[in-house]
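Protein chains: 4
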Amino acid sequence: MDCYPLPRDNARMTVRVGVINVTGFAGMEAARLLWNHPAAKLTAITGRSLAGQKLGEAFPHLACYHDLLITEEIESDVDVVFSALPTAASAAACEPFVRRGIPVVDIAADFRLRDPAAFQEWFGQPHPAPDLLAAAVYGLPELNRDRIRSAKLVANPGCYPAASILALAPAVAAGLTGPAIVVDAKSGISGAGRGSRGSYGYSEVNEDVSAYKVANHNHQPEIAQELAALSEAPAPRVTFVPHLVPMTRGIHATCYAPLKRDVSREEVIAIYREFYNDAPFTAVSVTPPHTKHTLGNNMCLVSPEVDRRNGMLVAIGVLDNLVKGAAGQAIENMNLMLGLDQTAGLDLPAVYP
Amino acid sequence: MDCYPLPRDNARMTVRVGVINVTGFAGMEAARLLWNHPAAKLTAITGRSLAGQKLGEAFPHLACYHDLLITEEIESDVDVVFSALPTAASAAACEPFVRRGIPVVDIAADFRLRDPAAFQEWFGQPHPAPDLLAAAVYGLPELNRDRIRSAKLVANPGCYPAASILALAPAVAAGLTGPAIVVDAKSGISGAGRGSRGSYGYSEVNEDVSAYKVANHNHQPEIAQELAALSEAPAPRVTFVPHLVPMTRGIHATCYAPLKRDVSREEVIAIYREFYNDAPFTAVSVTPPHTKHTLGNNMCLVSPEVDRRNGMLVAIGVLDNLVKGAAGQAIENMNLMLGLDQTAGLDLPAVYP
Amino acid sequence: MDCYPLPRDNARMTVRVGVINVTGFAGMEAARLLWNHPAAKLTAITGRSLAGQKLGEAFPHLACYHDLLITEEIESDVDVVFSALPTAASAAACEPFVRRGIPVVDIAADFRLRDPAAFQEWFGQPHPAPDLLAAAVYGLPELNRDRIRSAKLVANPGCYPAASILALAPAVAAGLTGPAIVVDAKSGISGAGRGSRGSYGYSEVNEDVSAYKVANHNHQPEIAQELAALSEAPAPRVTFVPHLVPMTRGIHATCYAPLKRDVSREEVIAIYREFYNDAPFTAVSVTPPHTKHTLGNNMCLVSPEVDRRNGMLVAIGVLDNLVKGAAGQAIENMNLMLGLDQTAGLDLPAVYP
Amino acid sequence: MDCYPLPRDNARMTVRVGVINVTGFAGMEAARLLWNHPAAKLTAITGRSLAGQKLGEAFPHLACYHDLLITEEIESDVDVVFSALPTAASAAACEPFVRRGIPVVDIAADFRLRDPAAFQEWFGQPHPAPDLLAAAVYGLPELNRDRIRSAKLVANPGCYPAASILALAPAVAAGLTGPAIVVDAKSGISGAGRGSRGSYGYSEVNEDVSAYKVANHNHQPEIAQELAALSEAPAPRVTFVPHLVPMTRGIHATCYAPLKRDVSREEVIAIYREFYNDAPFTAVSVTPPHTKHTLGNNMCLVSPEVDRRNGMLVAIGVLDNLVKGAAGQAIENMNLMLGLDQTAGLDLPAVYP
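Protein chains in written order, with the working numbering: chain A, 69 to 421; chain B, 69 to 421; chain C, 69 to 421; chain D, 69 to 421.
So that you can see chain A by itself, here it is in the shape it has in the complex (with noise of 0.2 angstroms):
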């Protein structure tokens, strides 16, 4: 594949962002992302695969990226960098970072979990480094805008945590719910992963629903943990049942909880609307959201409903898996680490249709 450059004009980006394992589907939409970030430059990426290639010769769809080389270890100095590797082995890759000070955003699951038994538990291994787990911060800025601002280390949240967190929070925190809550999720294949095989392939995969790790699936104590923060005793216990879905990118978090008294609708929705007031990138909707709303771009977006002949709440929350769901929200973490504008790089309307 050719290059075919793109001019643009460099010179005002001072951040340096390093992302290991740019190969992955998230670490090239970080890619993507970052050719139109104002204030950060992509100038150091890894991949062992493709290593001494070009990342715009490996990748057509990056081709502006011409000049910039895939190494096996980040060789020059960098400001920020994010981890797109397999879980359990970024922990390892972010380590020495962290150790020198640099800020980290890890896109893997190794710091989400705040118990490292729960981790042993979840992965079926020791944590690889739990002693950075006090210090790493849950990069859901909805949530935790101002401890991320002043994080050297932030779990970016999974991408089915992302959906189902924000869907359900505003509802968890003001009390309305109790604590047996469903979260039946809808994900797009490309949460799967680039490279993903055998089942994953078109002819198996098109015109086809199916569920997959019923009830055991690893993000559910990551949903769990953070809505336990938010709510009073007892804790929410989750069930979460996630399902692929014949599409390439989008997840879609339908979320059930019972009321816990009678609440209208228009109330709901008035404590949604507060609860995420300066939230730039979660909306509400008074209609039920598609996850082709959002697709290329950062936005979440929650809308609940209220079934008042069973009691329940039925809160939904759509987003991009590869960008609110992953290197969307590294860069908003980012942006925030930095004291850059939140938006930065990510004021962008999705891809419709």
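Hint data in this document are derived by calculation from the structure and do not stem from the laboratory.
Glycine is no exception: its CB is placed at the ideal position from the N, C-alpha and C atoms.
Heads up, a few of these hints could be off.
Said to hold, decoys possible - Computed, partial: chain D to chain B, Cβ under 8 angstroms: (1) Thr139; (2) Thr155; (3) Ile257; (4) Tyr268; (5) Gly269; (6) Tyr270; (7) Ser271; (8) Asn274; (9) Glu275; (10) Ile339.
Unchecked claim - Computed list of lysine-lysine pairs in DSS-like fashion (alpha-carbon distance at most 27 angstroms, straight line): (11) Lys109(C) to Lys109(B); (12) Lys281(B) to Lys328(A); (13) Lys109(A) to Lys122(A); (14) Lys122(D) to Lys281(B); (15) Lys328(B) to Lys281(A); (16) Lys122(B) to Lys281(D); (17) Lys281(D) to Lys328(C); (18) Lys328(C) to Lys220(D); (19) Lys328(D) to Lys281(C); (20) Lys109(D) to Lys220(D); (21) Lys109(D) to Lys109(A); (22) Lys122(C) to Lys281(A); (23) Lys122(A) to Lys281(C); (24) Lys328(B) to Lys328(A); (25) Lys109(A) to Lys220(A).
Starting from the known structure of chain A, arrange chains B, C and D on it as the hints suggest.
Frame of chain A, contents of chains B, C and D only:
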């Protein structure tokens, strides 16, 4: 479009089938499936907009019906009638056949709810033929086989209820579950019907997931009614949320019910297997089933899973909304009503991939 | 995955069919179609990677075959053999059956090119069984029905050639066209085979069209060979470009051939209709045909159009690559070789929508 | 749908853009792309059916435009106008702006054919403003950059012609090709427009490929006209066949032209690279390009291949029909007409996967 007649020997066929509104997706599918029925033959079809055309000319995939005329009304003698008209219009079309004692399968929703007040509540109009309700049998053979055998009017289940009820019935009947049930259902777009437009255009629906009629869909009382019939008091309360996913065919119902006692996965699976022991078209899967494994055939695959951390049953049902969710189910009901083999004409593997 | 046996009466079946490599898409599809064959039964199946499993356990959509074991080699007596192995491996597997006089349909490309030098040129290796080439008949019944009836070894056409040759044959045979032919073909992804990966992952293939092996695909000489057999000198030169489009099944071949004389659309259509007058599975359409009108069945729809401004014939052929382009064609050939009705087991409407 | 304003600094913007018929797909896409333009701002928009609504309310993905009102006519002063009306209606809407000297980019087909008789032939009606034709410039900067810079009325190319002409232009201009050209084009469904229905419903279009307007599409004379302008006599004759494939965005034009002399692939690639040396948005690929590598951005990827066996050039062009095939091209033309950087606002990587 030309006709391309396939040769076949119809000599042994005896049952003459009429389909009212053959031009919708459910009616077309009945025609497709009846072509290979060993003891029934499609002999009369109606469809206002295409009346006067041959079925094989109107729909190229049904070219085998090159000499069957679409008429405004059923004009020849038939031994059984399917109505695939929209709800409310359907009852009026069925009524004369019912009164003459001709077996009728109503694929619409007119005769599903036994209480005319519930019809008024959910469909916003008085029931069009309340005196026929007592004679109608809910056409899910897994629950009502013997009653269907002696019925003259069968209410064919809705596509969502078929998947949801079959997923939950064994657990509810066994008294395992408490009353607060959630059904989160995902449907292919053909459920919206032929010629559906605007919001069902390809560009709008592709790469999109969205919920609709949240906790307000008229399949909700149908599910609740049938589960109540299986359950001790108190009757289950069902929160039902349907979603559209970008595929043509398929229903995936994920059902959540609190468990009243601690029960193992193995015990639940045994209960399900026993329940469906003699059901030819419902099979119990020990792994999450795929909608695509039912594409084009009359199977419903159900799979129960136990979330022991939270005391929750997760029961999944998948089927093809146009077959086990509509036309195939209608033929299965016809077979039972007429004393034919329950599986006649329906013994087809799914089309995969 | 559980078995869910469908009851059926196999008593009248007599022909025992063996399928070598039942675990690829073409082999699986042969199993699907044979289930409903009135005079043949699948009795022996091989597949290295899944040997020892029951077919109905390995593939849920074939659960009806709950007691048929996948073995490493054909171990029981069979009356006819299909080989769905990859090209070059297939000839070796077919050879012992051919030598014993058992009818063989080779779904691979081994016996399609009559000239072993062409095989060497296009497949990059010597022909594995050149002495069998003389006995092989090209298995397109629309052209070679009588020769297939007396053949013991049939080379089943490639999916692209089947659509392309059927689109062009009447015009070429009538001497209407000059030699510079272009075939632009679009294929669903299942043509790439089961378990194909990397570049055939859902996320990469969805929402994408691309060409591959431009003017360098080994179906090119197959198309040219068969058109040359229909044509006066000089033999047609075929430029063939295949494309992948985001669907699972279907081939759409758009063929361009310069017209040697001014001819009306009506005249061309009449020539096509006459040519396919007694072909049960090829129909002439006067409007552009849709691949979806053949999904799951054995039809090929062809449609000729005349660009009179430019003196160009545009002839379209569409079919399901796994049925008329592979397994269905193999059964049609089997029917002819064994003296059965040509359409036995194949009289199925397409699955639409 | 709620508004969710994204903060941004519009202070530096100066060019006021009006879009007539912002409610179609091309108009919506112009709004999406203009949001990030550094020197232009969308200030006036029309759309009959939605007049009176805010753009951000009518289209959730454009929620950033929460305060921009859709009106019936352009009501405020603008510095440049895009018309995205249907052909024939567009000329009338453009005319007053042209007469007042305001730069106009017509995204419809009204001013593309220079000969009003050709318009009559292909569009079936007299040209609505023949006296403006002489002033119109065909807006393909790769061919006409300098003329666009001084134009007041630019005819934005059709999506098919843009891909086809860019694929063929270097070879035609170099005199490599003979006159009998075939263009086989594949388009995503968004090319059929917003609210297109009936035959463009999801269930009908998904898993389907079909041709339409075979050799009879009004983009045919547009391609022929522009290639003729590059060519020595005799002018190329173009057989053009468009196809719909199941994806939302993307055009893939596969162009076949007989070579007048033996030429190597390397020589052809060198000619192409030289031709597009200073074109920021057309790149030469040495492997078959993927439509998905241009999703959402303004690139056209072209790739020439030589079929030496048959003396045929196969030249491929791919682009996003709503960007380089419509709204992005319009912005590129606007940039040139107004003396802005040609790439302003368009320097975006494609959205992949």
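Verification of the supplied hints:
At about 23 angstroms, the closest approach between the beta carbon of threonine 139(D) and any beta carbon in chain B exceeds 8 angstroms, and the interface hint on this residue is violated. The closest approach between the C-beta of threonine 155(D) and any C-beta of chain B is roughly 20 angstroms, which is over the 8 angstroms cut-off, so the hint fails. Interface restraint check for isoleucine 257(D): the shortest CB-CB distance to chain B comes to about 4 angstroms, inside 8 angstroms, so the restraint holds. At about 6 angstroms, the closest approach between the beta carbon of tyrosine 268(D) and any beta carbon in chain B falls short of 8 angstroms, and the interface hint on this residue holds.
For glycine 269(D), the interface hint holds, since its Cβ comes within 8 angstroms of a Cβ in chain B; the closest pair sits about 6 angstroms apart. The restraint placing tyrosine 270(D) at the interface with chain B holds, with a minimum CB-CB distance near 4 angstroms, inside the 8 angstroms limit. With 8 angstroms as the threshold, the beta carbon of serine 271(D) comes within range of chain B, its nearest partner Cβ sitting at about 4 angstroms, so the hint holds. This hint holds: asparagine 274(D) has a C-beta 5 angstroms from the nearest C-beta of chain B, less than the 8 angstroms allowed.
The interface hint given for glutamate 275(D) is met, as the beta carbon of that residue sits about 7 angstroms from the closest beta carbon of chain B, less than 8 angstroms. Interface hint at isoleucine 339(D): violated, since its Cβ lies 37 angstroms from the closest Cβ of chain B, which is beyond the 8 angstroms cut-off. For the hint linking lysine 109(C) to lysine 109(B), the alpha-carbon distance of about 26 angstroms falls within 27 angstroms, and the restraint holds. Only pairs whose Cα atoms come within 27 angstroms are accepted, and lysine 281(B) paired with lysine 328(A) is accepted, the gap being roughly 23 angstroms.
For the proposed pair lysine 109(A) and lysine 122(A), the alpha carbon gap of about 16 angstroms is at most 27 angstroms, so the pair holds. Distance check on the hinted pair: lysine 122(D) and lysine 281(B) sit about 25 angstroms apart at the alpha-carbon level, within 27 angstroms; holds. Straight-line distance between C-alpha atoms of lysine 328(B) and lysine 281(A) comes to about 23 angstroms, which keeps the hinted pair within the 27 angstroms bound. With a CA separation close to 25 angstroms, the supplied pair lysine 122(B) and lysine 281(D) stays within the 27 angstroms bound.
The straight-line distance between the Cα atoms of lysine 281(D) and lysine 328(C) is roughly 23 angstroms, inside the 27 angstroms bound, and the hint therefore holds. With a C-alpha separation of about 46 angstroms, the suggested pairing of lysine 328(C) with lysine 220(D) is violated against the 27 angstroms cut-off. Between lysine 328(D) and lysine 281(C), the direct Cα distance comes to roughly 23 angstroms. Compliance with the 27 angstroms bound is thereby established for this hinted pair. Of the supplied pair hints, the one linking lysine 109(D) and lysine 220(D) holds, its CA atoms being roughly 19 angstroms apart against a limit of 27 angstroms.
Using a Cα cut-off of 27 angstroms, the hinted pair lysine 109(D) and lysine 109(A) holds, with the two alpha carbons roughly 26 angstroms apart. Among the hinted pairs, lysine 122(C) with lysine 281(A) is consistent with the structure: their alpha-carbon atoms are about 25 angstroms apart, no more than 27 angstroms. Restraint check for lysine 122(A) and lysine 281(C): satisfied, since their Cα atoms lie roughly 25 angstroms apart, inside the 27 angstroms limit. For the suggested pair lysine 328(B) and lysine 328(A), the alpha carbons sit about 20 angstroms apart, so the restraint of at most 27 angstroms is met.
Annotation: proposed proximity of lysine 109(A) to lysine 220(A) holds, straight-line Cα distance about 19 angstroms (limit 27 angstroms).
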